Amino acid sequence: MILRASYGTIQKVNGKSSLEMDTAYFMLGERCVYNCLYCAQSRSSTSPSHFLSRVIWKEIPEDLLDELNDCFKRICIQVVSYAGYREDLRSIIPRFRIPVSVSVRAISVEEVTEYFKLGADRVDIAVDVPNETLFEKIRGGKYERHLHILEKAAEMFPGKITTHVIVGLGESDKDIVDFTVWAKERNIVVSLFAFTPIRGTAFENRERPSLERYRKIQLVTYLLEKNLMKPENIIFDSNGKIIDVEWSDEFPEEALKTRGCPHCTRPYYNESPRGPIYNVHWR
Numbered sequence: 002m003i004l005r006a007s008y009g010t011i012q013k014v015n016g017k018s019s020l021e022m023d024t025a026y027f028m029l030g031e032r033c034v035y036n037c038l039y040c041a042q043s044r045s046s047t048s049p050s051h052f053l054s055r056v057i058w059k060e061i062p063e064d065l066l067d068e069l070n071d072c073f074k075r076i077c078i079q080v081v082s083y084a085g086y087r088e089d090l091r092s093i094i095p096r097f098r099i100p101v102s103v104s105v106r107a108i109s110v111e112e113v114t115e116y117f118k119l120g121a122d123r124v125d126i127a128v129d130v131p132n133e134t135l136f137e138k139i140r141g142g143k144y145e146r147h148l149h150i151l152e153k154a155a156e157m158f159p160g161k162i163t164t165h166v167i168v169g170l171g172e173s174d175k176d177i178v179d180f181t182v183w184a185k186e187r188n189i190v191v192s193l194f195a196f197t198p199i200r201g202t203a204f205e206n207r208e209r210p211s212l213e214r215y216r217k218i219q220l221v222t223y224l225l226e227k228n229l230m231k232p233e234n235i236i237f238d239s240n241g242k243i244i245d246v247e248w249s250d251e252f253p254e255e256a257l258k259t260r261g262c263p264h265c266t267r268p269y270y271n272e273s274p275r276g277p278i279y280n281v282h283w284r
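Heads up: take any position in the sequence shown, counting from 1, add 1, and you land on my numbering.
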């Protein structure tokens with residue numbers, strides 16, 4: 002078993018971090034069997050094995066896990082799909098007394114059910130690319146099957162399922178809006194990420210999304226999730242780009258903050274501390 006903790010998590014445990022972090026972040030395993038073209042852990046990636054997005058993950062001894070229940074409010078385990086990852090999760094999840102989120106590319110509803118039986122509080126099944134053609138090209142696998150697992154898991158465990166969307170992988174704004182509406186109807190939390198080019202991946206030379214575009218998507222998805230706006234209040238151009246929003250109030254600051262499971266901050270996961278800041282992680 003290869004278990005790593007994010008740099009920020011280790012700094013917090015050692016009392017050397019001033020970041021507001023209520024969640025401890027772990028990465029289980031390395032070198033995925035899948036080949037997502039943007040991921041440092043993908044099968045074809047030549048990125049160092051201690052990277053996921055732009056974050057450095059340091060290998061840690063399992064003994065450290067027992068010290069975390071009093072330091073954090075939640076544990077987040079980012080799972081790399083390697084042979085044997087399910088067996089390793091069986092030994093890790095029950096060790097915690099605080100809520101545990103498992104972010105995993107589950108292959109069945111039965112797999113999701115097992116994690117809840119082991120004691121997980123939430124399970125994240127990332128979509129990342131909310132467009133069928135792009136999903137199958139960039140992530141691989143069948144989009145409809147992936148959505149089916151996500152939907153069935155949400156039916157079985159209402160309010161306990163999260164998913165991820167990465168802005169900047171070729172999708173349109175409308176793709177993201179439509180998926181947000183679909184997820185909201187099923188009580189699935191959508192966590193937004195900004196695409197970050199990582200050296201050694203197939204997408205290392207692809208540009209990041211503009212901050213302007215990301216802010217528009219943050220605003221629109223937040224207003225939809227909070228029932229402050231309806232999809233028909235969003236005006237798109239012929240390419241599915243947001244060109245106007247029927248919203249006259251101030252930009253809600255809450256829309257800028259990191260979204261996901263309770264207590265999630267993911268500090269500097271997809272941006273440098275020098276900025277620009279895509280997901281604001283402080284209160």
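It is worth saying that the hints were derived from the structure and are not from the lab. A hint or two may mislead.
Said to hold, decoys possible - Calculated cross-link-like contacts (lysine-lysine; reagent style PhoX-like; alpha-carbon spacing at most 20 angstroms):
| # | residue 1 | residue 2 |
| --- | --- | --- |
| 1 | K161 | K74 |
| 2 | K153 | K118 |
| 3 | K118 | K161 |
| 4 | K227 | K175 |
| 5 | K185 | K161 |
Remember, predicted model here, so these are calculated numbers, not experimental data.
Cross-check of the supplied hints:
no.	hint	in the structure
1	K161 <-> K74	holds, 16 angstroms
2	K153 <-> K118	holds, 16 angstroms
3	K118 <-> K161	holds, 13 angstroms
4	K227 <-> K175	holds, 18 angstroms
5	K185 <-> K161	holds, 13 angstroms
Checked against the numbered hints listed earlier, the structure breaks none of them; every hint is satisfied.
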